[in-house]
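Asks: Chain residues, written in single-letter form:
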Amino acid sequence: MTIDMKAMKLKGVERYKQERDWFQMGLNACRFMPGEEFKLQAQLLEILLDSKQVVVDCVENDQPFIGGYFCNAPELFHAMNLPWFMLMETPFLAATAPYLLADIEGSEEMGLGTDLCTAIRLPIYYIEKGLMPIPTCVLGLLYPCDGAPMLHQVIEHNKAWKDVPIYCADPPYTSDERAIEYFAEELKRMTEFLEQHTGRTLDLERLKTVCEESNRTYTIWQDYNELRRHVPSPHGWEIGGAQAFAISQCFVAGDPKCTAWFEQLYRVGQMRIERGAGASEAEGWREKIRLFWFDIMPYGWIFEFMPWLESTFGAVIVMDMFGNFPYTLIDTTSEETIFHDLAKRNLIDSPMIRQARGTAENFSNDIRRIVEDYKIDVVIWPGHMGHKDGAATIGIMRDTCREIGVPFLHIGLDLFDKRYTSIDEVKEKVTDFFKGMGLA
Amino acid sequence: MAVFDGHIKAVRDFMRSVPVTDDLYQEIDCSGTPEEIRSSLPINLGRGASSGIHLRSNTYTELGNPIAGSCSHLLWTNNTSLVRDGRITLIGPDIPASEGESLPFGQILMLAGETLGANDHERLQQAPIIGDRIEGYMLKSTSDYLWARVSKDVAARGFNFEILGKSLISLIKSRTPGISAIEILFVTSSKEDVKELASIASEVKGLGSNLLKEAWKERGFDVECDFDCASCHDEPVCDDIREVIVGVKKAAREKRKAEDGKAVEHPIPFKLNA
Numbered sequence: 069m070t071i072d073m074k075a076m077k078l079k080g081v082e083r084y085k086q087e088r089d090w091f092q093m094g095l096n097a098c099r100f101m102p103g104e105e106f107k108l109q110a111q112l113l114e115i116l117l118d119s120k121q122v123v124v125d126c127v128e129n130d131q132p133f134i135g136g137y138f139c140n141a142p143e144l145f146h147a148m149n150l151p152w153f154m155l156m157e158t159p160f161l162a163a164t165a166p167y168l169l170a171d172i173e174g175s176e177e178m179g180l181g182t183d184l185c186t187a188i189r190l191p192i193y194y195i196e197k198g199l200m201p202i203p204t205c206v207l208g209l210l211y212p213c214d215g216a217p218m219l220h221q222v223i224e225h226n227k228a229w230k231d232v233p234i235y236c237a238d239p240p241y242t243s244d245e246r247a248i249e250y251f252a253e254e255l256k257r258m259t260e261f262l263e264q265h266t267g268r269t270l271d272l273e274r275l276k277t278v279c280e281e282s283n284r285t286y287t288i289w290q291d292y293n294e295l296r297r298h299v300p301s302p303h304g305w306e307i308g309g310a311q312a313f314a315i316s317q318c319f320v321a322g323d324p325k326c327t328a329w330f331e332q333l334y335r336v337g338q339m340r341i342e343r344g345a346g347a348s349e350a351e352g353w354r355e356k357i358r359l360f361w362f363d364i365m366p367y368g369w370i371f372e373f374m375p376w377l378e379s380t381f382g383a384v385i386v387m388d389m390f391g392n393f394p395y396t397l398i399d400t401t402s403e404e405t406i407f408h409d410l411a412k413r414n415l416i417d418s419p420m421i422r423q424a425r426g427t428a429e430n431f432s433n434d435i436r437r438i439v440e441d442y443k444i445d446v447v448i449w450p451g452h453m454g455h456k457d458g459a460a461t462i463g464i465m466r467d468t469c470r471e472i473g474v475p476f477l478h479i480g481l482d483l484f485d486k487r488y489t490s491i492d493e494v495k496e497k498v499t500d501f502f503k504g505m506g507l508a
Numbered sequence: 006m007a008v009f010d011g012h013i014k015a016v017r018d019f020m021r022s023v024p025v026t027d028d029l030y031q032e033i034d035c036s037g038t039p040e041e042i043r044s045s046l047p048i049n050l051g052r053g054a055s056s057g058i059h060l061r062s063n064t065y066t067e068l069g070n071p072i073a074g075s076c077s078h079l080l081w082t083n084n085t086s087l088v089r090d091g092r093i094t095l096i097g098p099d100i101p102a103s104e105g106e107s108l109p110f111g112q113i114l115m116l117a118g119e120t121l122g123a124n125d126h127e128r129l130q131q132a133p134i135i136g137d138r139i140e141g142y143m144l145k146s147t148s149d150y151l152w153a154r155v156s157k158d159v160a161a162r163g164f165n166f167e168i169l170g171k172s173l174i175s176l177i178k179s180r181t182p183g184i185s186a187i188e189i190l191f192v193t194s195s196k197e198d199v200k201e202l203a204s205i206a207s208e209v210k211g212l213g214s215n216l217l218k219e220a221w222k223e224r225g226f227d228v229e230c231d232f233d234c235a236s237c238h239d240e241p242v243c244d245d246i247r248e249v250i251v252g253v254k255k256a257a258r259e260k261r262k263a264e265d266g267k268a269v270e271h272p273i274p275f276k277l278n279a
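Residue numbers (this note's numbering), protein chains in the order written: chain D, 69 to 508; chain U, 6 to 279.
Simulated from the structure, these hints should not be mistaken for lab results.
Ideal Cβ positions, reconstructed from N, Cα and C, are used throughout, including at glycine.
Hints are not guaranteed to be accurate.
These stretches of chain D come out as covered by chain U in the derived footprint (C-beta under 8 Å, 3 or more residues) [what the hints assert, rightly or not]: (1) 280-291; (2) 428-437.
Ranges of calculated distance between the beta carbons of each label pair, as one might list FRET restraints [stated by the list, open to error]: (3) D:A97 to U:S204: 47 to 57 Å; (4) U:L60 to D:E403: 49 to 59 Å; (5) U:K262 to D:G463: 43 to 53 Å.
Chain D on its own, in the form it takes in the complex (with noise of 0.2 Å):
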């Protein structure tokens, strides 16, 4: 039996117009809000839909767009005027997504195991149901964990996918010089893959342009964090981290729009600080705990557990896995140092490739410094049920977490499925371990 490509394309993009419909009503509520923070989400909402009508016009008039990771040099993208998106998007946007649940629920309808990552899991219903965009080529993910490759199995089996073609950089396990040099030349490999299958080329004098405008964006990421510092930190887990990410890595990487955002972000802290504002500005609220939150922000149900922790305890979360900054700016020298360093950006410093695709002493030594400069009091390690690689460094953690003397929690949870440990569950453990701790 053939297929309708055509329609199946269409399809593929239906839920992603609806989803920019969805986002376009909150810009158009941000634009009618005073002040800067409602400004610089009016930005991030500018920079998202963009993203994603750009998408919608390729499936609409048949132009190449890709559908990749952040982790893939997304410089090199935007260099070539690739559009793409991110094949994990929907769970990092699921606090939006009404329809998140029930997702979730066809994904186990359709048999997958309730072990697997749900951001793993969410995107193979979405590719089984007709409900994402189907790229010209996919650039896949062998890192960091071993769940992610199940992705790419079920497009190269999907009837409406299995043409598209697939790119894998192969990750080497260490982390020294030879294994930035190897996955420089990987990304070579990907850029030619690119070219061949889109008919867009890479002209190094563009990489340059785009590099250098991201190293601005990721000079400013890096100022903006200082700010994180001071006590009470300017912002909590509402603004900042999950979205520099965003926007630094997941939308147009090295765009004048980014860096715009970012300048935003940091005039919106400054200013907090100058007038001695902390994350929250309730009559009475003061910082008390500063959180690390060690992995991705509880996206499923993030709404009803952060404004609890910072109204309840005081509890900021003052720096996560995504907002930290242990990246790399790019040398634009020549070709060879902007791979290079490209290559070490997104082997290495990439959250959460950072963490679980490299040796455990990435947690022991990323929160060592975390703590230290963010003046920390307690370090939570979700425990994400997806995150098993990370769950085998947990002793490592909590054995570097007694040795610099701040209380580390394991948690054991699902960071979008708010049924796999309960909302209250969780809150049960976190005010426990607070009074546990003499902190609450």
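Following the hints, put chain U in place on chain D, whose structure we already have.
Replies: Just chain U now, with coordinates in the frame of chain D:
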């Protein structure tokens, strides 16, 4: 423990051979207890000494912007004769002569203590993380290099590499048990010099990782993960469980199919829990 002794010697060779004029080469010696050193300084040291934010607009000199060149390594030994306690060497321009500039920055800390061993490696890595303990000196929160700002306020009080070196010596000696000697090399002469210094120490990270791995093994952590399904004695149990799951799912699908009167869309064509 001679793991880094060769690197200490190589750093010393670098110090002898680096092509700079005499006015760009300074050696300073400091002595005394950590407390005596601290009290001799025109700045505050200790937790909270550098509280607040050092904005770009308030920066006198930036050090180690990765574009300008940056490297940082900590080398340690139990051979105390290899480390000249209290010696601070600066190769390149000093901070007072660099207002508004972004200098390349290499920092090598050489620590010695007779009792130091492999198990101390992890805690020694904490030594250069000084947080907010040096007034007017902010280390950005980066992982592989040093990127710092010196504020205009402390620059006006004469902050230079002698003060920075003495501050580090005082802080590290007071916070890190087992250290009897500290020597510091700062390099600001050029990006190339910093790169050469980085290449000398390029093996340090890998050697350190091996030390950590051994230390964790001794503490009972299994860091090798040298087993898989084929070598696991529980494999037959897992296989049985998988078969049961497949059966249960198949039965559920059949039941649903019968109830709905329609086929399940696109059954997954491979074993998901493999």
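Asks: So the hint says 43 to 53 Å: do the beta-carbon atoms of U:K262 and D:G463 match that?
Replies: 46 Å, holds
Asks: Measuring from beta carbon to beta carbon, are D:A97 and U:S204 in 47 to 57 Å?
Replies: 54 Å, holds
Asks: Is the listed coverage of the region 280-291 of chain D by chain U valid when you require three or more residues with a beta carbon under 8 Å from a beta carbon of that chain?
Replies: Check passed, 3 qualifying residues.
Asks: Per the hint of 49 to 59 Å, is the separation of the Cβ atoms of U:L60 and D:E403 within bounds?
Replies: The hint (49 to 59 Å, Cβ to Cβ) is violated, given that U:L60 and D:E403 are roughly 35 Å apart.
Asks: Count the residues of the region 428-437 of chain D whose CB lies closer than 8 Å to any CB of chain U, then report whether that count reaches three.
Replies: Coverage by chain U holds for the region 428-437 of chain D (7 residues, Cβ < 8 Å).
Checked against the numbered hints above, the structure breaks only hint 4 and satisfies the rest.
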